[in-house]
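Heads up: the sequence lines are chains W and A, in that order.
Numbered per our numbering, the first sequence spans residues 752 to 1011.
Numbered per our numbering, the second sequence spans residues 31 to 280.
Mixed in with the good hints, there may be bad ones.
Unchecked claim - Only pairs whose alpha carbons sit at most 16 Å apart, straight line, appear in this in silico EDC-like list of lysine to aspartate or glutamate: (1) A:Lys144 <-> A:Asp122; (2) A:Lys109 <-> W:Asp884; (3) A:Lys83 <-> W:Asp884; (4) A:Lys36 <-> A:Asp85; (5) A:Lys76 <-> W:Glu852; (6) A:Lys109 <-> A:Glu56.
Stated by the list, open to error - Facing chain A, from chain W, some residues (calculated, C-beta under 10 Å): (7) Ile786; (8) Leu788; (9) Pro792; (10) Val795; (11) Ser810; (12) Glu881; (13) Ser887; (14) Ser890.
As the list claims (entries may be wrong) - A few chain W residues that don't get close to chain A, going by computed Cβ distances all over 12 Å: (15) Ala769; (16) Glu873; (17) Met877; (18) Tyr896; (19) Leu931; (20) Arg938; (21) Ser996; (22) Leu1010.
Hints were generated in silico from the structure; no laboratory data involved.
Predicted model only: the values in this text are computed from it and were never measured.
Each residue gets a CB set at the ideal place from its N, CA and C atoms; glycine is no exception.
Chain residues, written in single-letter form:
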Amino acid sequence: MAFHPLAPFEYIGRRFTALLEELGGIFSTFVQSVILLFVPPFRVRLFFKQMEFIGVESSFIVLLTGAFTGMVFALQTSYAFRLFGAENLIGPSVALSLARELGPVLTGLMVTGRVGSAMAAELGTMKVTEQIDALSTMSINPVQYLITPRVLSAIIMLPMLTVLFDFIGIIGSYFMAVFLLGLNGQRFINDTIYMVDLKDVYIGLLKAAVFGAIIAVVGCYKGYYAEKGAEGVGKAATQAVVISSVSILIADYFLTALLF
Amino acid sequence: MQIDIKGLKKSFGGNIVLDGIDLSIEDGKTTVIIGQTGCGKSVLIKHIIGLLKPDAGQIVVSGVDVTQLRHKEFSAMLKSFGVLFQSAALFDSMTVGENVAFPLIEHTGLPDSKIMEIVSEKLAIVGLKGVEHLYPAELSGGMKKRVGLARAIALDPKVLIFDEPTTGLDPVMSDTIDNLIMNTQRRLGVTSIVISHDIAGTFKIAHWIAMLYKGKVVLYGSPDDFRNTKDPIVRQFLERRAEGPLQVEA
């Protein structure tokens, strides 16, 4: 087949159009799910079920990751701060990093792996086995029934999980600093409270809420539009994790640039 | 409910699936739609239940063109429809009882005791008893279809749609499902639309048969019309022959 000089441009154009279509689809799913939040029937039971799945059931992995992140961060910073005799900055620097960046981002990434993929797989299976069509034919709006509770629950639960992550991370770093590195415990606490502003925590939580929306909307969108049986469901789950993770990191940059 | 389909057209990309379908589904009777795989039977059904929008044409249900209805009005009309999907489409996170109760909980506001009573009654109609606590994964293919039918008739619909109800079932179970379709249709007086490949079953349950080919209705008539037709396309399909004008898509 002869090579057409415009073929690369055509290819790039097609990929770019597909990307725009996907972004448009994700955004439109988000807008629909938010609008349907205010339209009866209000599915309180489904909200609680999702909050349990996204929040309560993720708390263990968040605790574990938070504790070890705080501990390793205290260990790493201690090497650097010791060079300047500034070990008292370990507490504040760990707390600031956790509240502003690591808490929301790592919580978001952990929840993406656990919840985003599960949402895509569950909705994808429902799609390919006609369960979503069945909902529609029973006069039930599938977006309102399946996506709205997931999106709202993720927006609420991600900041809560982040608080848990930050708290346990600071506790972890406290134990490392006080019991392993021999710092004064009271000073660690005082310096941390003095240096960390509540605004740092609030903005971190706002980031977490945005990440929650990204995880749920992308997971639901990929599942809702899954095609071609089991292979399609697997692909949807993988893409949900990849797109959410990348989106979280990109959104984190812009939120940091805008808010701090 | 009388359903009149007029000049229905639908294409996906450049592929024309429905090329001007004209078909009348008679009120209170069973119309079976037959045709080769990929001839547009499921696409036609999806238009009737609003899962797809036509490129052109009308679907008139009891005098109302449903393609022009707004979402809310269409949703209200859909409550008169019951659909049994090819895969039964049971919600696998719910038990059999919860599946059948689902439309009742969503649309009736009846007390739980009354809902449970209706669930048992609908399950008894399809020949199932004491299975309310089981999950769909614990059921055989035939049982899933029967539970799907119980759920489809939960709200006493006026129109029942069956998408390949006997595909994947053994001959005895297929006949059981055919009997259920006939009995349900007689008992509830519903308008039934059945998509099928099963020729024997079609002749057993149909009042009217429509055969689709290349996006059009090639023959519409009674079972006797189909038995007596000389149309080579219809004859080849009914006689299960690979040779003839009908070609298998590569």
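Verification of the supplied hints:
1. A:Lys144 <-> A:Asp122: violated, 24 Å
2. A:Lys109 <-> W:Asp884: Roughly 14 Å between the alpha carbons, so the hint for Lys109 of chain A and Asp884 of chain W holds.
3. A:Lys83 <-> W:Asp884: The given pair, whose Cα atoms are some 14 Å apart, holds under the 16 Å limit.
4. A:Lys36 <-> A:Asp85: Cα-Cα ~12 Å, so holds.
5. A:Lys76 <-> W:Glu852: Between Lys76 of chain A and Glu852 of chain W the Cα gap is close to 48 Å, so the pair fails against 16 Å, i.e. violated.
6. A:Lys109 <-> A:Glu56: Roughly 19 Å separates the two Cα atoms, so the pair is violated.
7. Ile786: violated, 13 Å
8. Leu788: violated, 17 Å
9. Pro792: This hint holds: Pro792 of chain W lies near chain A, its Cβ roughly 8 Å from the closest one there, short of 10 Å.
10. Val795: violated, 14 Å
11. Ser810: With a closest approach of 22 Å, the Ser810 of chain W hint is violated.
12. Glu881: holds, 4 Å
13. Ser887: holds, 6 Å
14. Ser890: With a closest approach of 4 Å, the Ser890 of chain W hint holds.
15. Ala769: Answer for Ala769 of chain W: holds, closest chain A Cβ roughly 15 Å.
16. Glu873: At about 8 Å from chain A, Glu873 of chain W fails to clear the 12 Å cut-off, so the statement is violated.
17. Met877: violated, 8 Å
18. Tyr896: violated, 9 Å
19. Leu931: holds, 47 Å
20. Arg938: holds, 52 Å
21. Ser996: holds, 27 Å
22. Leu1010: Per Cβ check, Leu1010 of chain W is outside 12 Å of chain A; nearest 38 Å; holds.
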